[in-house]
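Residue numbers (the numbering used here), protein chains in the order written: chain A, 4 to 370; chain B, 4 to 370.
Any given hint could turn out to be false.
Because identical chains share one entry, a pair is satisfied inside a single copy or across any pair of copies.
Taking lysine-lysine pairs in the BS3-like style, the calculated list, with each CA pair at most 30 Å apart, reads [unchecked claim]: (1) Lys20 <-> Lys44; (2) Lys98 <-> Lys300; (3) Lys44 <-> Lys98; (4) Lys20 <-> Lys49; (5) Lys14 <-> Lys49; (6) Lys118 <-> Lys49; (7) Lys300 <-> Lys14; (8) Lys49 <-> Lys214; (9) Lys14 <-> Lys118; (10) Lys49 <-> Lys300; (11) Lys214 <-> Lys300; (12) Lys14 <-> Lys214.
Note that these hints are calculated values from the structure, not bench results.
There are 2 protein chains.
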Amino acid sequence: MCSLNIDSKKKPRITIKDVADASGLSCATVSRVLSGYEFVKETTRKRVLEAVEQLGYVASLPARSLAGGRSRTIGLLVPNLDVGYVGTITQGIDKALSSANWDLVLYASHHQLNKETYYVNAIANGITEGLLLIAPQFPSTYLDTLRERDFPYVLIDQADPTENSSIVEATNYQGAYEATQYLCELGHTRIAFIVGSLNVWSAVDRLRGYKAALADCNIPLRQDLILEGDYQQQGGYEAVKQVLNTVDPPPTAIFASNDISAFGAMDAAREHGFRIPEDISIIGFDDIPQASLIYPKLTTVRQPLEQMGQVAAQMLVERIEERSRPPQRVTMATHLVIRDSCAPRQFQPGERKKPFRETGGNLSPTN
Amino acid sequence: MCSLNIDSKKKPRITIKDVADASGLSCATVSRVLSGYEFVKETTRKRVLEAVEQLGYVASLPARSLAGGRSRTIGLLVPNLDVGYVGTITQGIDKALSSANWDLVLYASHHQLNKETYYVNAIANGITEGLLLIAPQFPSTYLDTLRERDFPYVLIDQADPTENSSIVEATNYQGAYEATQYLCELGHTRIAFIVGSLNVWSAVDRLRGYKAALADCNIPLRQDLILEGDYQQQGGYEAVKQVLNTVDPPPTAIFASNDISAFGAMDAAREHGFRIPEDISIIGFDDIPQASLIYPKLTTVRQPLEQMGQVAAQMLVERIEERSRPPQRVTMATHLVIRDSCAPRQFQPGERKKPFRETGGNLSPTN
DNA sequence: CAGTAAATTGAAAGCGCTTACAATTTGATG
DNA sequence: CATCAAATTGTAAGCGCTTTCAATTTACTG
Numbered sequence: 004m005c006s007l008n009i010d011s012k013k014k015p016r017i018t019i020k021d022v023a024d025a026s027g028l029s030c031a032t033v034s035r036v037l038s039g040y041e042f043v044k045e046t047t048r049k050r051v052l053e054a055v056e057q058l059g060y061v062a063s064l065p066a067r068s069l070a071g072g073r074s075r076t077i078g079l080l081v082p083n084l085d086v087g088y089v090g091t092i093t094q095g096i097d098k099a100l101s102s103a104n105w106d107l108v109l110y111a112s113h114h115q116l117n118k119e120t121y122y123v124n125a126i127a128n129g130i131t132e133g134l135l136l137i138a139p140q141f142p143s144t145y146l147d148t149l150r151e152r153d154f155p156y157v158l159i160d161q162a163d164p165t166e167n168s169s170i171v172e173a174t175n176y177q178g179a180y181e182a183t184q185y186l187c188e189l190g191h192t193r194i195a196f197i198v199g200s201l202n203v204w205s206a207v208d209r210l211r212g213y214k215a216a217l218a219d220c221n222i223p224l225r226q227d228l229i230l231e232g233d234y235q236q237q238g239g240y241e242a243v244k245q246v247l248n249t250v251d252p253p254p255t256a257i258f259a260s261n262d263i264s265a266f267g268a269m270d271a272a273r274e275h276g277f278r279i280p281e282d283i284s285i286i287g288f289d290d291i292p293q294a295s296l297i298y299p300k301l302t303t304v305r306q307p308l309e310q311m312g313q314v315a316a317q318m319l320v321e322r323i324e325e326r327s328r329p330p331q332r333v334t335m336a337t338h339l340v341i342r343d344s345c346a347p348r349q350f351q352p353g354e355r356k357k358p359f360r361e362t363g364g365n366l367s368p369t370n
Numbered sequence: 004m005c006s007l008n009i010d011s012k013k014k015p016r017i018t019i020k021d022v023a024d025a026s027g028l029s030c031a032t033v034s035r036v037l038s039g040y041e042f043v044k045e046t047t048r049k050r051v052l053e054a055v056e057q058l059g060y061v062a063s064l065p066a067r068s069l070a071g072g073r074s075r076t077i078g079l080l081v082p083n084l085d086v087g088y089v090g091t092i093t094q095g096i097d098k099a100l101s102s103a104n105w106d107l108v109l110y111a112s113h114h115q116l117n118k119e120t121y122y123v124n125a126i127a128n129g130i131t132e133g134l135l136l137i138a139p140q141f142p143s144t145y146l147d148t149l150r151e152r153d154f155p156y157v158l159i160d161q162a163d164p165t166e167n168s169s170i171v172e173a174t175n176y177q178g179a180y181e182a183t184q185y186l187c188e189l190g191h192t193r194i195a196f197i198v199g200s201l202n203v204w205s206a207v208d209r210l211r212g213y214k215a216a217l218a219d220c221n222i223p224l225r226q227d228l229i230l231e232g233d234y235q236q237q238g239g240y241e242a243v244k245q246v247l248n249t250v251d252p253p254p255t256a257i258f259a260s261n262d263i264s265a266f267g268a269m270d271a272a273r274e275h276g277f278r279i280p281e282d283i284s285i286i287g288f289d290d291i292p293q294a295s296l297i298y299p300k301l302t303t304v305r306q307p308l309e310q311m312g313q314v315a316a317q318m319l320v321e322r323i324e325e326r327s328r329p330p331q332r333v334t335m336a337t338h339l340v341i342r343d344s345c346a347p348r349q350f351q352p353g354e355r356k357k358p359f360r361e362t363g364g365n366l367s368p369t370n
């Protein structure tokens, strides 16, 4: 408590009182200026803004939030940190919020239930005014509480059986149907499917689309070609590694529940000596930016991720501004994007599987 | 204001007063129980905890923060949402904070100066007690302010010329030196280097290490083999695409400033018809989890990302608990991890690409 | 000029919590 | 029992801001 802390000369906090003193007005008026209240004289407003700038005043968000003011901050709960799916949605969210002068703060659950539940509570009791949830895995544990609290939220890429939530989603079933149908049209009959995390509704819908397309193409459903996945690259890699090592003859095409799993599938196929797309065709889902960067460019079902983020953010902000808004459900169209990772099934008897140990795996004489 | 909002029956907030009433104690005592103050009777403590559980009380973080209490929340500013580098560091941070009962909240600057500066301010004026910054690009614009405010922070993978910051970093120079040296030992003399974002200190250090190793291996430095990059996959892809299209003979090895750029380099090389590692060797930096998933597995300089996150988080928490702590600098060792993406340089006359258009005059018979 | 309505601003309460200091209780000792 | 020290708890102020309601100012009309 003596003058031992010579270096920690903490600059006293500039408060709204300092601004009021410097501008010769009351705290109430300063507050009104800063919140954009309409009945303030222009000369008064200028005096306040000058004082704010001179003093470098920054409002205390906890104080403002506690006093009933606006933090203009939205919480976003994400399952992981992923520059493709989550990152693209987040950029859409960020864009919509920025243009409306809102801040975005992220919480990462790392796919853990206790984290997901805990953070939803922390968000609802912090300074944020609403919550966006990207593909939450355990929403039933807290959606009722959020509604009781009348805390605004929007689900992205997840369903709510109670029909009481605002949701932004894509046509997962239709997208998966079209992708599978495309592989059928290419002549593939052994089409493996990497499942996503089945507690996310999109994974369930995609599996159903896959099954429906097989049925409509008169291809029998094979349980050993439905590969357990978790939307992650390593999960996709291991699933495909296993099916290529155990199923004989192996699948000639793979439809993965998302692009990240498809990347893992590509790695496993290459490691197994398969060329893409000559020996095995691969389709992903999402069309994250990386899908068109890799070689060969991935055929995938485009989900308008950025727009989904934008729409969700707009829905949430509208919900915050107008609490009587009923829950909405917006379903955005997917679209099969055909690139380079698919080819017609090869019907030669020597199906080039083993003796072609091409470590790079990409050079064909036609290059 | 009438009873039009039949559906918005918002449940009144449970406050600390409700808990105090239910347990027959004062608010101060309830607060003391919840903050773990030692001089509380065990019977009193139990009464409070029972009331908390029965009522489902959750503290208001803004109120607690404003009153001088602990939010036990750390802000993390990240340049983007990246499951490899940022995600791995974040997992280390999360692990260290979780075990110490702290929360983590992320802000993504998306590499924009105004976002980075703005969010640092928002964090410092919100409910967080400290700030971690992963590879911030523009720290000079706000570090002085943070110090004036005595707001605790730690830099990860970035330098501060004033030497007044706590920093966690890796031996970037040494790591880059070793990677480049390894390529020299494999016989490569045309080694391209993809630069990182040069406003991040690690990028500068890695470039210096590359240059030093070339000099020590008596390989002349070539400006046209130093490729402009930005630590991003697309940047790496485009840089390599260009160098393969313009430099003749092309480089036989590429050292990228990070794994993500290396992935982009691999894609461009494949697109150009090159096999990895037969035609072109590639080294990354970071050893993010994906580096050992892809095919072929990437040789890379391991940066102990998770441990860096852990150490940074611990340093920050210690700094918050003990404000007199002087700034610390922790430098963690990198380590060259040799996997499958490198091979000795091929010396055959038909080097598999072109008809060997020797125009540049780099290959001397003494090579 | 007086009266009125609208515009503008200030005073004060309070948001939910923490903590300093005072008051009370408890336990030990002679 | 009285005294004392430590343990335990309560009271009240206050953190920084917002907002309601009252007070003041301004502008217009007859």
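Status of each hint after checking the structure:
1. Lys20 <-> Lys44: within (20 Å within a copy, 41 Å between copies)
2. Lys98 <-> Lys300: within (27 Å within a copy, 36 Å between copies)
3. Lys44 <-> Lys98: Neither way: Lys44 and Lys98 sit 32 Å apart in one copy and 52 Å across, limit 30 Å.
4. Lys20 <-> Lys49: So Lys20 and Lys49 pass the 30 Å test inside one copy only (17 Å; across, 42 Å).
5. Lys14 <-> Lys49: within (26 Å within a copy, 41 Å between copies)
6. Lys118 <-> Lys49: For Lys118 and Lys49, only the inter-copy Cα distance (26 Å) is at most 30 Å; the intra-copy one is 46 Å.
7. Lys300 <-> Lys14: Result: close neither inside a copy nor across copies, 55 Å intra and 52 Å inter.
8. Lys49 <-> Lys214: Intra 65 Å, inter 55 Å, cutoff 30 Å: neither.
9. Lys14 <-> Lys118: For Lys14 and Lys118, the Cα distance is within 30 Å only across copies (24 Å; inside one copy 36 Å).
10. Lys49 <-> Lys300: Answer is neither; intra-copy 55 Å and inter-copy 61 Å both fail.
11. Lys214 <-> Lys300: Only inside one copy: Lys214 and Lys300 sit 25 Å apart there, 34 Å across copies, limit 30 Å.
12. Lys14 <-> Lys214: neither (65 Å within a copy, 44 Å between copies)
The earlier numbered hints that this structure contradicts are 3, 7, 8, 10, 12.
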